[in-house]
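Colleague: Given next are the chains, with one letter for each unit.
2 protein chains.
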Amino acid sequence: MKTRDRILTCSLEQFAEQGVGQVSTNHIADCLDISPGNLYHHFRNKQSILRELYLWFVADFMRFLRADEHQAVVSSEFWRSLELCFQLVQRYCFIFRDANFVILKYPELEADFREVVKQTDWASRNFCNQLASNGIIVAEEEDLQRLATNLHFITSQWGGYGAMRAACLPAAAGRRQTNDPNNLRLGYAQALSLFKPYISARDRDELLAILADYP
Amino acid sequence: MKTRDRILTCSLEQFAEQGVGQVSTNHIADCLDISPGNLYHHFRNKQSILRELYLWFVADFMRFLRADEHQAVVSSEFWRSLELCFQLVQRYCFIFRDANFVILKYPELEADFREVVKQTDWASRNFCNQLASNGIIVAEEEDLQRLATNLHFITSQWGGYGAMRAACLPAAAGRRQTNDPNNLRLGYAQALSLFKPYISARDRDELLAILADYP
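Here the protein sequences come in this chain order: A and B. According to my numbering, the stretch in the first sequence is residues 1 to 215, in order. According to my numbering, the stretch in the second sequence is residues 1 to 215, in order.
With the rest of the complex left out, here is chain A:
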């Protein structure tokens, strides 16, 4: 892997795990066993790395949605697609969790962040509309809008909630592990449960079967 990509991959992991505020460029250089000078050769500062990761996220998210658009017709494909989407957002959880910190500290990242929010909000609305137009859920327009807002809310904020709950566990139980896979599973199940009241009779058993596998 090229050094530039190694820097980005390592930053992504460290930001997600420890929070943007806690990870410096020196820290990243240390992790990769390269000199700070080598890192600065590729990125001028921390905000250049952040900006590139925002672009990575939007590109991944869009590629994922385009793939989805041509495929999802039956309910199982929608739920699988929601799960993958949740996993993707979780990999980049720092974008949403540390948003206030980042935008206050690096106002020049605001436009990039705005693009992330715009795309994810649009995707949530599209997902709910597609569920309805494929007859998987049956909901009035007003309910569909509230569902879409709740889906965007849960997708973008669940990482912060998980971090909050993790901070309340005793140290031995693995607190600070903000990208805990169990928390991800719980968030996905909570998102799925939003659709349960609106599920069509045809697709009800399948949704219940998936939910039964989750915490």
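I should point out that these hints are in silico values taken from the structure, not numbers from a laboratory. Mixed in with the good hints, there may be bad ones.
Put simply, identical chains are the same to the list, so a pair is met inside one copy or across any two.
[As the list claims (entries may be wrong)] With a straight-line cut-off of 20 Å between C-alpha atoms, the simulated SDA-like cross-links for lysine to any residue are:
#  : residue 1 : residue 2
1  : K118      : A167
2  : K118      : S35
3  : K46       : L186
4  : K196      : R165
5  : K105      : S200
6  : K105      : L169
7  : K118      : A166
8  : K196      : M1
9  : K118      : H41
10 : K105      : G19
11 : K118      : R165
12 : K2        : A139
13 : K105      : N45
14 : K2        : E142
15 : K118      : S24
16 : K2        : R185
17 : K46       : F101
18 : K118      : D5
19 : K105      : A166
20 : K105      : R165
21 : K196      : A132
Using the hints, position chain B against chain A.
Modeller: For chain B alone, kept in the frame of chain A given last:
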């Protein structure tokens, strides 16, 4: 008002508006037009102020819940109580929104924060159980648990979501105003909408009428 209480009230407002990381004890002394020395006479440092505000929140929240316990029987009282609770949490929105920052920076506040999470989680579960036992909602046990988790999630994280959305508005439209009353109203309506699929036939019209008043 005593100086001590003035310091706490001012800190509460400033933390909510600007974020804990952005507000120093000097900033608070300035706001109140007192000397930093006078402030330090009452509070040793910023974390002592934060701890006292956590205690204030838990006391307010508990007082509110106890009052509720003896009164709420019919659905309108429950929805009113949820609205007041949302407003209270919003006043103290920094507790949840800035939790990760605060706990990493002031680990000695962790036990106080844990108490906040415990009490609010318990209150969400109790609220949903009371709705069910008063026949206002009809839900299976599993759905009741997911509702309670979603209610706790929305109550504690909506402030962060609002801040995120506010950060995406053009400056002129009032971004950075993290305690925007419209955002509070939207959050309350989203929380109410969680219960709509489970509402009893008897109480349905009342819930719909309240929701119709919200954005």
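Colleague: Give a verdict on every hint.
Modeller: So, going through the hints one by one against the coordinates:
Taking the shortest Cα distances, K118 and A167 sit within 20 Å of each other only across copies (12 Å), while inside one copy they are farther apart (30 Å). Taking the shortest Cα distances, K118 and S35 never come within 20 Å of each other, neither inside one copy (37 Å) nor across copies (45 Å). With identical chains, the CA atoms of K46 and L186 are never at most 20 Å apart, being 32 Å at best within one copy and 35 Å at best between copies. In the homo-oligomer, the alpha carbons of K196 and R165 never lie at most 20 Å apart, since the shortest distance is 25 Å inside one protomer and 27 Å across protomers.
Taking identical chains as interchangeable, the C-alpha atoms of K105 and S200 are never at most 20 Å apart, the minima being 47 Å within one chain and 48 Å between chains. In this assembly of identical chains, K105 and L169 lie within 20 Å of each other by CA distance solely across copies; the values are 17 Å between and 29 Å within a copy. Within a single copy, K118 and A166 get their C-alpha atoms only as close as 29 Å, which misses the 20 Å cut-off; across copies the closest is 12 Å, which meets it. Taking CA atoms no more than 20 Å apart as the test, K196 paired with M1 passes in neither setting, with 43 Å inside one copy and 51 Å between copies.
When the C-alpha separation of K118 and H41 is checked against a cutoff of 20 Å, the pair qualifies neither within a copy, at 32 Å, nor between copies, at 48 Å. In this homomeric assembly, K105 and G19 come within 20 Å of each other (Cα to Cα) both inside a single copy, at 14 Å, and across copies, at 12 Å. For the identical chains of this complex, K118 and R165 are inter-copy neighbours only, at 10 Å across copies versus 27 Å inside a copy, given an alpha-carbon limit of 20 Å. When the C-alpha separation of K2 and A139 is checked against a cutoff of 20 Å, the pair qualifies neither within a copy, at 49 Å, nor between copies, at 54 Å.
Proximity of K105 to N45 under the C-alpha cut-off of 20 Å is restricted to the intra-copy arrangement: shortest distance 13 Å within a copy versus 23 Å between copies. Within a single copy, K2 and E142 get their C-alpha atoms no closer than 49 Å, and across copies no closer than 49 Å, so neither meets the 20 Å cut-off. In this assembly of identical chains, K118 and S24 lie within 20 Å of each other by CA distance neither inside one copy nor across copies; the values are 28 Å within and 33 Å between. In this assembly of identical chains, K2 and R185 lie within 20 Å of each other by CA distance neither inside one copy nor across copies; the values are 33 Å within and 49 Å between.
For the homomeric pair K46 and F101, the shortest alpha-carbon distances inside one copy (13 Å) and between copies (19 Å) are both at most 20 Å. Taking the shortest alpha-carbon separations for K118 and D5, neither the intra-copy value of 26 Å nor the inter-copy value of 42 Å comes in at or below 20 Å. For the identical chains of this complex, K105 and A166 are inter-copy neighbours only, at 16 Å across copies versus 25 Å inside a copy, given an alpha-carbon limit of 20 Å. Proximity of K105 to R165 under the C-alpha cut-off of 20 Å is restricted to the inter-copy arrangement: shortest distance 17 Å between copies versus 26 Å within a copy.
Proximity of K196 to A132 under the C-alpha cut-off of 20 Å is found in both arrangements, the shortest distances being 13 Å within a copy and 18 Å between copies.
Of the numbered hints listed earlier, those contradicted by the structure are 2, 3, 4, 5, 8, 9, 12, 14, 15, 16, 18.
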